[in-house]
Amino acid sequence: MINPLQPVGRASLAILGTAGRLTLFTAEALSHCVRPPFYGRNILRAIVEIGYFSLPVVGLTALFAGMVLALQSYTGFARFSAEGAVANVVVLSITRELAPVLAGLMLAGRVGASMAAEIGTMRVTEQIDALTTLSTNPMKFLVAPRLIAGVAMLPLLVTVADVIGVFGGYLVSVYKLGFNPSNYLQSTWDFLQLQDYLSGMAKAAVFGFLVTLMGCYHGYNSRGGAQGVGTATTNAVVSASILILCFNYILTEAFFAR
Amino acid sequence: MTEQPKIRLRDVCKSFGNKRVLNGLDLDVGAGESVVVIGGSGTGKSVTLKCILGMMRPDAGTIEVDGESLIGIGDRDRDRVNRKIGMLFQGSALFDSLHVWENVAFGLLAEHRCSRREARDLAIHKMAMVGLGSDVARLYPAELSGGMQKRVGLARAIATDPEIIFFDEPTTGLDPIMADVINDLIVNVTRTMGATALSITHDMASVRKIANRVAMLYEGRIVWAGRVDELEDCANPYVDQFVHGRAEGPIRMAVRG
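Going line by line, the protein sequences match chains A and B. In terms of numbering that gives the first Met the number 0, the first sequence is residues 0 to 257. In terms of numbering that gives the first Met the number 0, the second sequence is residues 0 to 256.
Don't read these hints as lab results, they were simulated from the structure. Ideal Cβ placement from N, Cα and C applies to all residues, glycine included. Treat each hint with caution, since some may be false.
Claimed, not checked - With the C-beta cut set under 10 Å, the calculated list includes, among others, these residues of chain B facing chain A: (1) 82; (2) 96; (3) 109; (4) 110; (5) 111; (6) 145; (7) 146; (8) 155; (9) 234.
Said to hold, decoys possible - In silico negatives: residues of chain A with every beta carbon more than 10 Å from chain B: (10) 58; (11) 80; (12) 129; (13) 154; (14) 191.
One chain only, chain A, in its complex shape:
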């Protein structure tokens, strides 16, 4: 009678344990984000790594997402003779959903994985222990700069992705589907509201936090050599991706549900 319940209990305890550890880690990391000293060089390095070096991948993703969106919405709307709504759909989808979500997922794959691998390697080679012996708090030195950079840079990346995504839709609409360029741009501009852009920015800041948090958490707690670092890297990407999709719904509900 008891045996079938054992795996359930064990799994529940493991989930609760992980949730507790993650909560404590998050609280400690956040406290170090707002308490001096701040490691300016580390913040700058993380900003360059997250912001500048992610620009190509985020830009390309947004460009093709905008192009596909224009093409798909045109073929769909043509059935209802509503082709004129393509510009509206593209700008709304890009700013509200696609740019923040796709940029977040790209960042999880590129930056979250690299953070988990770097911090995980530092853990298994005792570099994190060495920081402690050198009067340096590892959370403040390694985690806080990455969180600050993640929250600051993803909104900027998403702003760039918004522009490139809309431009992708413009390219397809004008040069392939025969839309009038000035009408398309006018329609895009008229339909866009500040709230659409700001909701995307808020999502981007949350996703930037989630990606860097997962990268740091899994790296920081990695164990057992190369295999442990590999597992940490995988877990960082998977957990960040799932959390991005989950929080995307929660935030959309919070911003737009009537």
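With chain A fixed as given, assemble chain B onto it according to the hints.
Relative to the frame of chain A, chain B by itself:
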């Protein structure tokens, strides 16, 4: 011993799950003394150092440095105590992303003791103490051999002139000649600085060279402690087996973890 020991451990216990690693460990390290803890793998040598440094919290017992109890102290006090301690890690644990001189000067820069230029000069001075030229300063750790990485690790450990230095298996992975060079450096720098040294190692050549006193750790407690010249002739069967590297004896090596 009437003088207060620099480091004092009493009845320290530490378990991981069902496995009890430290089981009532008692150890005194006098000021200016070099004590080496020997023992097989998994007997709790590294755990002992981590408990003293505050990286692990013992389940029971007391740990004192200069008479100050370290159990349950706050972060600020812990930082103050840890500033007295330098450590050479088994794998050197150098920061890959920093130049060699930045690794050596890391503690100085972290404590804002001096400017970057002064820290660089001081790092080069400490590197000279361990036989490294200034041409190495701008290299990255990955560009160095294992022996050179150990020297950089040693320079980093002594950069802040600590009162206590921990050596975690300082000669592991080095050829016998380089191991002897590192042993000589350890003896020289600790004597020059007058530092207290606590080392852990399996390497008996290293023990004979760097130790004033030796303590044998087995099953989480010290089973023998004495002067290094007593090591060969002591009647303790654990020490005798370990020193002579015999498979037969009271020490049973765990074949399965």
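Cross-check of the supplied hints:
For the restraint placing residue 82 (chain B) at the interface with chain A, the shortest Cβ-Cβ distance is roughly 6 Å, inside the 10 Å limit, so the hint holds. The restraint placing residue 96 (chain B) at the interface with chain A holds, with a minimum CB-CB distance near 8 Å, inside the 10 Å limit. Interface restraint check for residue 109 (chain B): the shortest CB-CB distance to chain A comes to about 5 Å, inside 10 Å, so the restraint holds. Checking residue 110 (chain B) against chain A: minimum C-beta separation of about 5 Å stays under 10 Å; hint holds.
For residue 111 (chain B), the interface hint holds, since its Cβ comes within 10 Å of a Cβ in chain A; the closest pair sits about 8 Å apart. Taking 10 Å as the C-beta contact cut-off toward chain A, the hint placing residue 145 (chain B) at the interface is violated, the least distance being around 13 Å. The interface hint given for residue 146 (chain B) is broken, as the beta carbon of that residue sits about 17 Å from the closest beta carbon of chain A, more than 10 Å. Because the closest C-beta pair between residue 155 (chain B) and chain A is about 8 Å apart, less than 10 Å, the hint holds.
Hint status for residue 234 (chain B) relative to chain A: violated, with the closest Cβ pair at about 37 Å, above 10 Å. No beta-carbon of chain B is positioned within 10 Å of the beta-carbon of residue 58 (chain A); the least distance is around 27 Å. Every Cβ of chain B is farther than 10 Å from the Cβ of residue 80 (chain A); the closest lies at roughly 59 Å, confirming the non-interface assignment. A cut-off of 10 Å between C-beta atoms contradicts the statement that residue 129 (chain A) is not in contact with chain B; the least separation is 4 Å.
The claim that residue 154 (chain A) is not at the interface with chain B holds, since no C-beta of that chain comes within 10 Å of its own (minimum 26 Å). No beta-carbon of chain B is positioned within 10 Å of the beta-carbon of residue 191 (chain A); the least distance is around 42 Å.
Consistency note: the structure conflicts with the earlier hints numbered 6, 7, 9 and 12.
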